[in-house]
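**Student:** So the chains spell out like this:
There are 2 protein chains.
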Amino acid sequence: MELINKMLDGDKRACARLISIVENDEKESEKLIKTIYKHTGKAHIIGITGPPGAGKSTLTDKYVKLLRKSDYKVGVIAVDPTSPYTGGAILGDRIRMNDLALDPGVFIRSMGTRGYLGGLAKATRNAVKILDASGCDYIIIETVGVGQSEVDIVKAADTVVLVMVPGLGDDIQSIKAGIMEIGDLFVVNKSDIFGAQRTATEINMMLDMSQDMDRRPPVVMVTANQNKNIEQMEQEIQKHYQYLVDNGLLEERRKKNIKRELLELVEEELKKLVIRETENNGELDSMTESLFNKETDPFTLRDVLLSRIK
Amino acid sequence: MELINKMLDGDKRACARLISIVENDEKESEKLIKTIYKHTGKAHIIGITGPPGAGKSTLTDKYVKLLRKSDYKVGVIAVDPTSPYTGGAILGDRIRMNDLALDPGVFIRSMGTRGYLGGLAKATRNAVKILDASGCDYIIIETVGVGQSEVDIVKAADTVVLVMVPGLGDDIQSIKAGIMEIGDLFVVNKSDIFGAQRTATEINMMLDMSQDMDRRPPVVMVTANQNKNIEQMEQEIQKHYQYLVDNGLLEERRKKNIKRELLELVEEELKKLVIRETENNGELDSMTESLFNKETDPFTLRDVLLSRIK
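Chains A and B supply the protein sequences, listed in that same order.
1 is the number of the first residue of the first sequence in our numbering; add one for each residue after it.
1 is the number of the first residue of the second sequence in our numbering; add one for each residue after it.
Rather than coming from a laboratory, the hints here were simulated on the basis of the structure.
A couple of the hints might just be wrong.
It does not matter which identical chain is meant; a pair holds if it fits inside one copy or across any two.
[What the hints assert, rightly or not] Restricting the straight-line Cα-Cα distance to at most 20 angstroms, the calculated cross-link-like pairs of lysine to any residue (SDA-like) are:
| no. | residue 1 | residue 2 |
| --- | --- | --- |
| 1 | Lys271 | Asp303 |
| 2 | Lys27 | Thr296 |
| 3 | Lys34 | Ala121 |
| 4 | Lys122 | Lys271 |
| 5 | Lys259 | Val304 |
| 6 | Lys294 | Leu263 |
| 7 | Lys294 | Asn225 |
I would like the entire structure built from these sequences, with the hints used as guidance.
**Tutor:** See the structure below:
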C-alpha cells in the first residue's frame, strides 16, 4: 500500500516497481489494478508506431523533450521485440533515452514481446494504468508496428501516430496498407532524405482514396534527428485530441477499449478453464491421439468439450 | 458431395471452390472439414516466412518449379497483407506466379489478412487441409512473417524456412531475433549482393550462441531470382523432414499442432458465448459505462461475467 501511495504521488521508483509486478505476478497485478483503477483515465495516451527503421525512438525522444518544455509529466512505454537468445529488451533504446531517463518528469520503460503472463497487450495496458494513476499528463506507447499484435497494443491509445519513412521498398508499402487505417496522424520521418515528398504524396493519395472516414488524418513531414517540425506534429496531436473531445469521440473510443479489455479478460479465464478441464485427466492427450489417428475430427471434439464446460 | 469427391480426386477447380467455402461460410466449412479430415495428414507442409523484401515469393516460385521436376503435386497458400483501401490480396503475387498457376500439378491461392470468420490462422489451416486431402505432396504456406499472427500461421508447418536478406538495417535485426526460434532452416536470399556473407555469419553466430536446441538449424545461401542453390535448400528441407521422422518428432510436432487447434476452436466458441451472454440484454454496455465512470474495475466485472457463464 505504501508503494501504491508513493506511486500516486508520482514517485518514479514506485512506478517502476509496480510495473514489475504487472509484468511478473498475475495475482498481485490484479489486486493492484483493482486498487488504482479509479485513479486512471486522466492522461492523454499516444501510440507511436510504424515499420522497423522509421526512427520511432528518435521521434519519441524529441517529442518527449518538447512536451517537457511545457513541464508536462510524460511516461513512455517502449515495446521492443525480445530476442530468445538474450531474453531481454533491446539495450539500445534504453541507452538512447538515457538523458531523458534522468529527467524526474519523465518515466521510461522498455517491455519485451514475450514472457508476460496474460500477454504483452495486457501487461502494457496495466503499465499504462500505473503511469496514468501516477499523474502523467502524456503517456506514449511506442511499438514496432508491423504485425497484428503490435496493432492491438497501440489501439489502446487515444491518438495513434503512424510513422513512415521514404525508401523502404514495395513490400513495406503493402504492410503499411494493412495498418494504415489505425493512424490518426501520419508522420513522414527523415524528410530530408530523397523520396520523402513522394512518400508523403503517396500517403496523401491513399488517404484521399479512402471513403469512409469521418476525419481525414493529416500528414506531417518531420526530421526527428534534426529536431525539425516536431512542433507541427505536436499541434496535430493536440488538434486530434480536441477533435475527439469536441465530438464526444474520446469517451466513445475509451469505452470501446474498456469493452475490449473486459471481454479479453473473460476470454483469458475461459481459456485457462478449458485447459484445466481437459488436462487434469489426460483427456486432451487422448483426444489429440484420436485426432492424429483420424478417428474423429476437431469440430466434433470441440463440441464434446463445450458441452462439458457448460 | 460431388465437389468433395472431385477435390479428393485432385481437381483444382474443386479445391478453389472449397477453399472459398472455408473463407466465407463458417457452417459449411465445419461440415466440410468434418468430412475430409480423415484424408489429411499426408502432405509435407512447409512454411516460408521472413521480413518484407526478402524475396519470399520468388523463392517459393523457384522451389515449386524444382519440386515439379520430380512431378510432385504442390499446393501454395500465399498469405498476403490486405489493404483496407482495396479489400483484396496484393495482385502482384498472383501475376508473378501466373506461369505456375497454369501448371495442372500446382495449386496457388492468395489469402488476405482480414475478414475471415474465425481468423486467418483458422482459414489457412483449413485451406491446407483441403490441399492435403486433394493429394498434394507438398504444401507451402508463404507469409510475410514479422508479427505474432504471422508466426502463428507458420507454426502449423512441419518445416519452417526463415528467409533473411542482407542490408535490411539494425531494426530488422531485432525483429529477426523475435522470430528466429521458429526456423528449422535459415535461407539467406539475394546472396549475390553485398553483405550476404556477413548476414549468414551473423545468423550462424546467433544460432551457435543458442543453448537449448536439439538440432542446430543449417543456414543456406541462395539467389532465388537466378535460381541459384535452390537444390541445396531442397536437400536441407528433406533432411529436416527425415530428422523429424527418424526421431519421432513429426508425430510429436503434429500432435502439438492438433492440440493447439482443438483448444483454439473451443476458445473461439467460448468467446462467442461471452459476447452473446453479455450483449443480449445490453449488460456489456452498462458494465462498460460503470467502468468508464470508475465505479468498479475490470477484474471485478470479469468475475461477475465468469460466474454467470459457469
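**Student:** What hints, given by number in increasing order, does this structure fail?
**Tutor:** 7
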